[in-house]
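Participant: Spelled out, the chains give:
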Amino acid sequence: MSIIDSAKQTAQGLVMGALQKLVPLAPDSWIPGGVPDPLIARKHGLIGTPVSRLDGPLKVSGGAAFSAEYRFENMAYAALAYATIARGRVTAIDSAAAEAAPGVVLVMTHRNAPRMKTPAMFGTSGSAVGPDTVPILQDDKVHWNGQPIACVLAETQEQADHAASLLRFTYAELPAVTALAAAKAKGVEQGLFMGQPLRNEIGDAEAALAAAPHKVDRRYTTPRHNHNPIEPHAATLAWIDGVLVIHDASQMVAQQAQTMAEVFGLKADKVRLTSPYVGGGFGSKGLWEHQVIAAAAAKLAGRPVRIALSREGVYRVVGGRTLTEQRVAIGAAADGRFTALIHTGLSVMTPHNAMPEPFILGTRSAYAVPNIALNVDVARMQTLANTFMRAPGEAVGTFALESAIDELAGELNIDPVELRIRNEPDKDPTSGLPFSSRHIVTAWRQGAERFGWRDRPETATRREGEWRIGMGCATGTYPYYRMPGAKARLTLTRDGDAVRASVEVAAAEMGMGTGTTTAIVAAERLGLPLDRVEVGYGDSAIPGAIMAGGSQQTAAIGAAVIAAHNALTAKLLKLAGNDSPLAGLSAKEVGSDSGGLASLDDPAQRESYASILKRAGRDSIEVTEAGSPPLEFMHWSMHSHSALFCEVGVNDVTGEVRVRRFLGSFDCGRILNPRTAASQFRGGIVMGLGMALMEETQFDERSGRIMNPSLAEYHVPVHLDVPEIDVIWTDIPDPHTPMGAHGIGEIGITGVAAAVANAVHNATGRRIRDLPITLDKLL
Amino acid sequence: MTPFDYARAGDVADALRMGAIEGTAFLGGGTNLVDLMRETVARPARLIDVSGLSDRIEETPDGGLRIGAGVRNTALAEHAAVRSRYPVLARAILAGASAQIRNMATVGGNLLQRTRCTYFYDTDGSRCNKRVVGSGCDARGGFNRIHAVLGASDACVATHPSDMCVALAALDAVVQVEGPAGARAIAFDAFHRLPGDRPDLDTILAPGELIVAVELPANPLAAHSTYRKVRDRASYAFALISVAAALSIEEGRIADVRIAFGGVAHKPWRAVKAEAALKGQVPDDALFRAAAAAEFADAQPLRDNGFKPLLAQRTLAAVLGELTTGAAA
Numbered sequence: 006m007s008i009i010d011s012a013k014q015t016a017q018g019l020v021m022g023a024l025q026k027l028v029p030l031a032p033d034s035w036i037p038g039g040v041p042d043p044l045i046a047r048k049h050g051l052i053g054t055p056v057s058r059l060d061g062p063l064k065v066s067g068g069a070a071f072s073a074e075y076r077f078e079n080m081a082y083a084a085l086a087y088a089t090i091a092r093g094r095v096t097a098i099d100s101a102a103a104e105a106a107p108g109v110v111l112v113m114t115h116r117n118a119p120r121m122k123t124p125a126m127f128g129t130s131g132s133a134v135g136p137d138t139v140p141i142l143q144d145d146k147v148h149w150n151g152q153p154i155a156c157v158l159a160e161t162q163e164q165a166d167h168a169a170s171l172l173r174f175t176y177a178e179l180p181a182v183t184a185l186a187a188a189k190a191k192g193v194e195q196g197l198f199m200g201q202p203l204r205n206e207i208g209d210a211e212a213a214l215a216a217a218p219h220k221v222d223r224r225y226t227t228p229r230h231n232h233n234p235i236e237p238h239a240a241t242l243a244w245i246d247g248v249l250v251i252h253d254a255s256q257m258v259a260q261q262a263q264t265m266a267e268v269f270g271l272k273a274d275k276v277r278l279t280s281p282y283v284g285g286g287f288g289s290k291g292l293w294e295h296q297v298i299a300a301a302a303a304k305l306a307g308r309p310v311r312i313a314l315s316r317e318g319v320y321r322v323v324g325g326r327t328l329t330e331q332r333v334a335i336g337a338a339a340d341g342r343f344t345a346l347i348h349t350g351l352s353v354m355t356p357h358n359a360m361p362e363p364f365i366l367g368t369r370s371a372y373a374v375p376n377i378a379l380n381v382d383v384a385r386m387q388t389l390a391n392t393f394m395r396a397p398g399e400a401v402g403t404f405a406l407e408s409a410i411d412e413l414a415g416e417l418n419i420d421p422v423e424l425r426i427r428n429e430p431d432k433d434p435t436s437g438l439p440f441s442s443r444h445i446v447t448a449w450r451q452g453a454e455r456f457g458w459r460d461r462p463e464t465a466t467r468r469e470g471e472w473r474i475g476m477g478c479a480t481g482t483y484p485y486y487r488m489p490g491a492k493a494r495l496t497l498t499r500d501g502d503a504v505r506a507s508v509e510v511a512a513a514e515m516g517m518g519t520g521t522t523t524a525i526v527a528a529e530r531l532g533l534p535l536d537r538v539e540v541g542y543g544d545s546a547i548p549g550a551i552m553a554g555g556s557q558q559t560a561a562i563g564a565a566v567i568a569a570h571n572a573l574t575a576k577l578l579k580l581a582g583n584d585s586p587l588a589g590l591s592a593k594e595v596g597s598d599s600g601g602l603a604s605l606d607d608p609a610q611r612e613s614y615a616s617i618l619k620r621a622g623r624d625s626i627e628v629t630e631a632g633s634p635p636l637e638f639m640h641w642s643m644h645s646h647s648a649l650f651c652e653v654g655v656n657d658v659t660g661e662v663r664v665r666r667f668l669g670s671f672d673c674g675r676i677l678n679p680r681t682a683a684s685q686f687r688g689g690i691v692m693g694l695g696m697a698l699m700e701e702t703q704f705d706e707r708s709g710r711i712m713n714p715s716l717a718e719y720h721v722p723v724h725l726d727v728p729e730i731d732v733i734w735t736d737i738p739d740p741h742t743p744m745g746a747h748g749i750g751e752i753g754i755t756g757v758a759a760a761v762a763n764a765v766h767n768a769t770g771r772r773i774r775d776l777p778i779t780l781d782k783l784l
Numbered sequence: 068m069t070p071f072d073y074a075r076a077g078d079v080a081d082a083l084r085m086g087a088i089e090g091t092a093f094l095g096g097g098t099n100l101v102d103l104m105r106e107t108v109a110r111p112a113r114l115i116d117v118s119g120l121s122d123r124i125e126e127t128p129d130g131g132l133r134i135g136a137g138v139r140n141t142a143l144a145e146h147a148a149v150r151s152r153y154p155v156l157a158r159a160i161l162a163g164a165s166a167q168i169r170n171m172a173t174v175g176g177n178l179l180q181r182t183r184c185t186y187f188y189d190t191d192g193s194r195c196n197k198r199v200v201g202s203g204c205d206a207r208g209g210f211n212r213i214h215a216v217l218g219a220s221d222a223c224v225a226t227h228p229s230d231m232c233v234a235l236a237a238l239d240a241v242v243q244v245e246g247p248a249g250a251r252a253i254a255f256d257a258f259h260r261l262p263g264d265r266p267d268l269d270t271i272l273a274p275g276e277l278i279v280a281v282e283l284p285a286n287p288l289a290a291h292s293t294y295r296k297v298r299d300r301a302s303y304a305f306a307l308i309s310v311a312a313a314l315s316i317e318e319g320r321i322a323d324v325r326i327a328f329g330g331v332a333h334k335p336w337r338a339v340k341a342e343a344a345l346k347g348q349v350p351d352d353a354l355f356r357a358a359a360a361a362e363f364a365d366a367q368p369l370r371d372n373g374f375k376p377l378l379a380q381r382t383l384a385a386v387l388g389e390l391t392t393g394a395a396a
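Going down the list, the protein sequences come from chains A and B.
Position 621 of the first sequence, counted from 1, bears residue number 626 in the numbering used here, the numbering being contiguous throughout.
Position 289 of the second sequence, counted from 1, bears residue number 356 in the numbering used here, the numbering being contiguous throughout.
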């Protein structure tokens, strides 16, 4: 390179640098031929800089009030009593002792509960988030073992708990399907997810499998899992002047408020639900019976109520992940190219909900294969309604698929990383759509290099003392979603010669850092320092409805902030008028930078937000806008990806499995905040290790009762079970999403169980196809 | 939780006087009893706190140790004499629970831990003969992965959950008790019961009797001892199988040996058959396995715990192999 060339590049760099400081308006929709979000091109701003959670100091100092820490004057405490049969009727209730117990305010059962509508079940409308179709304390029917059948209010929690333990119920039992074999014998039906059949058929997969020179055809099973967020579900609520005020722990704030309004026949604005802090959700922090019962009891007693479920209560009232039985069959040519892929099986739900575990979702877009057969059948059992649990579908589906690929790699004697890369599709194999952004091969190469995959031992050959050592890998995947309904309210308020910005979104913060990331993105768009931006969320009074679900919240917020920013810019230019240096410029011709707007052509032509407001005699300016309809996934197949590497030790004497190290190499578009993103990835992997090695709900098939509703007996990983977890990412922006980002909340758990199982096989030669991989299966 | 009265005992006599009233329970660290009260499995009308009565660890005239019942688990595990002369005990304690629980839990309370059988805990929804005698046992046909394979009865298949007690069983500890009828010393192996038709009774303690100390006899063997616990996660899980063992070798043969198993029975299981099979023999892996096989010859596995005899055999062989190697060195 000559000196002149070098100088030219430097000069160009300076020009580009000046331009890059300005952030033009972003597109408000992502269509073929459209332009990407300009924030993608911004390399040295806040995005991509590690930022600690803005609410961290408040949380660690105890200043953040969680739902069960709110207090109302004259508040009563609730305790629930749970049914002990799986199906039948409550024929008698002896509540005399409970009513006479110290401090008791009332005992509420179906006999005296206020009349209420059954919450509309999740998915039946845009705002419906009810758990199932079961009326809540409206009749004598029992639908599952553990269903709440009475509520005690008392002056203290201890008094309420004690009184609830004194209630005695008599039942007339009805036959119940509580055994899997019995449920299957009654027949299965086609599984539906969001109204669509969980079924795909392309070509003739069975014939292609039969003709394939190499194949595997295996059965994998995964057990029920229960939700165990560190904060048990709780709500503190009061009826104040006809308004139901609820401090809840929620990941669907606006929708829950709307559904609660319908339950009590109120106008939507007569329910105010706040949830600024949530101690973990993972899909479970939605509307369950406890909030409805507490609101009804508060109405009946005429007093505010706090309901905080015990850990056992969470197991009785809040559904978990249901079990699956999966078949994966793959046919391949000698060079490893897949010719047939079959992923079918069974999931279980209840007569009163509609949520099969959709374990084929990830398989739809995974590998290039001409013949595909995917299907989920459903059987029904009398249990608590199962629900979403981190990566519903992909979490357990990838265990089966990615284990089978490892088995096939062994058959073919091809390295499992290479086998996956060899079957990388150039378009979505089931939808035929192009991928918006898929750099999984990059993730595999980078991950393999960093982990030292080339040192993987031959199966069952490496030992260290009593320990057999092995390495395994697997692919993780989770779709990019963006749900409609998001709005953002942007307010700029003059503060001397500067401004403060407020961004309000009806979003939920469950601890993952949504508030922080929203502040980063808004600050970047507005050209303001982070400490000038305040984010409001977790309040149903904020316009719009955003759900912390489907790993889509950040995209939904991002699109709404884009729309609001565009509207704000237009409004500011109008306000600036003809006396402004910006006079004559349209919104498309300006960018935000350094607390004001500037011409994209001549950044020196600028005016600060404060100056515009001051000259117009305004203290503040406010806009509320909705994000554009999410049409991008009509044009592209959009997914996050991961390449996972695991090293385990398996004790040759006892069968104990210890994960020694783990690496996740992620391809999730642009990473907005590396600090919180790394925690999301690691947290997902830790949860995946639990799924791989220990998590299992003990559901007694005789009674339909969960027998380990306790963190002592339901095992999740403790610190000693979690090794060093390395996470890296490609950081390649998706040009077809807000900020170039993908969701990162759920991908972490996917593929992990397979990576562990594959490592166990590499260590021992033993293939475990039934989760969790407990030591007795390896003896 | 059922309401209860609470009082603190100033000395043993005080405790015995207050403990003589029906419905009274003695409270140590509360790490198990308070849980059981929260679950309404235990409903004492009053608690007499005895945790402050003795936190001393003293040398006995015959060269052993006397451990006050109020000694915290952590203090015992960290005690220099325990670590050097009874390493199996220190290791067993540290294998149990969590640091926080060990800081609270007392030696006396540890002996009185109750089973972790989930049907025992489920007061509303399950039958349990240990909780309500004669009500039936839902564990026998239900989830019984952690349950007994030795010494169980039709009435009860529960296991004793303590790690510390397994070590004490191997060490021939003596439980010092005071009660309305006076003081007595109970050999450790006789302290806990097999369930028979009274699984509600975990120990032979009479009503009102209070554990005041545990004595460890002097035994040179004990310095060459260890504990190994096998469980479903690396920490904070009860034993599927645990082994406490001590061994000495003279002239190439096993001169003396002590073995106890945890996680296999209603009580810490002193393996007298295995010990008899080992004594005087030339140690090798086949002998260790044969000894374990002798101990588990009468094992009666349930639906979920059929792996336990094999796991116990392998674990014992590994532990004895390690002790033998060390003893020969």
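Please note: incorrect hints may appear among the correct ones.
[Claimed, not checked] Simulated crosslink set (SDA-like; lysine to any residue; CA at most 25 Å straight-line):
{"hint": "1", "chain 1": "A", "residue 1": "K122", "chain 2": "A", "residue 2": "A359"}
{"hint": "2", "chain 1": "A", "residue 1": "K782", "chain 2": "B", "residue 2": "R194"}
{"hint": "3", "chain 1": "A", "residue 1": "K146", "chain 2": "B", "residue 2": "K346"}
{"hint": "4", "chain 1": "A", "residue 1": "K146", "chain 2": "B", "residue 2": "D191"}
{"hint": "5", "chain 1": "A", "residue 1": "K189", "chain 2": "A", "residue 2": "S708"}
{"hint": "6", "chain 1": "A", "residue 1": "K782", "chain 2": "B", "residue 2": "D371"}
{"hint": "7", "chain 1": "A", "residue 1": "K146", "chain 2": "B", "residue 2": "R370"}
{"hint": "8", "chain 1": "A", "residue 1": "K782", "chain 2": "B", "residue 2": "S302"}
{"hint": "9", "chain 1": "A", "residue 1": "K782", "chain 2": "B", "residue 2": "D191"}
{"hint": "10", "chain 1": "B", "residue 1": "K346", "chain 2": "A", "residue 2": "S708"}
If you're looking for bench data, these hints aren't it; they were derived computationally from the structure.
Just so it is clear, the structure is predicted and the values come from calculations on it, not from any experiment.
Participant: Does each hint hold? Answer for all of them.
Facilitator: Here is what the structure says about each hint:
no.	hint	in the structure
1	A:K122 / A:A359	19 Å, holds
2	A:K782 / B:R194	29 Å, violated
3	A:K146 / B:K346	65 Å, violated
4	A:K146 / B:D191	18 Å, holds
5	A:K189 / A:S708	17 Å, holds
6	A:K782 / B:D371	11 Å, holds
7	A:K146 / B:R370	33 Å, violated
8	A:K782 / B:S302	20 Å, holds
9	A:K782 / B:D191	33 Å, violated
10	B:K346 / A:S708	49 Å, violated
Violated hints for the displayed structure, listed by number in ascending order: 2, 3, 7, 9, 10.
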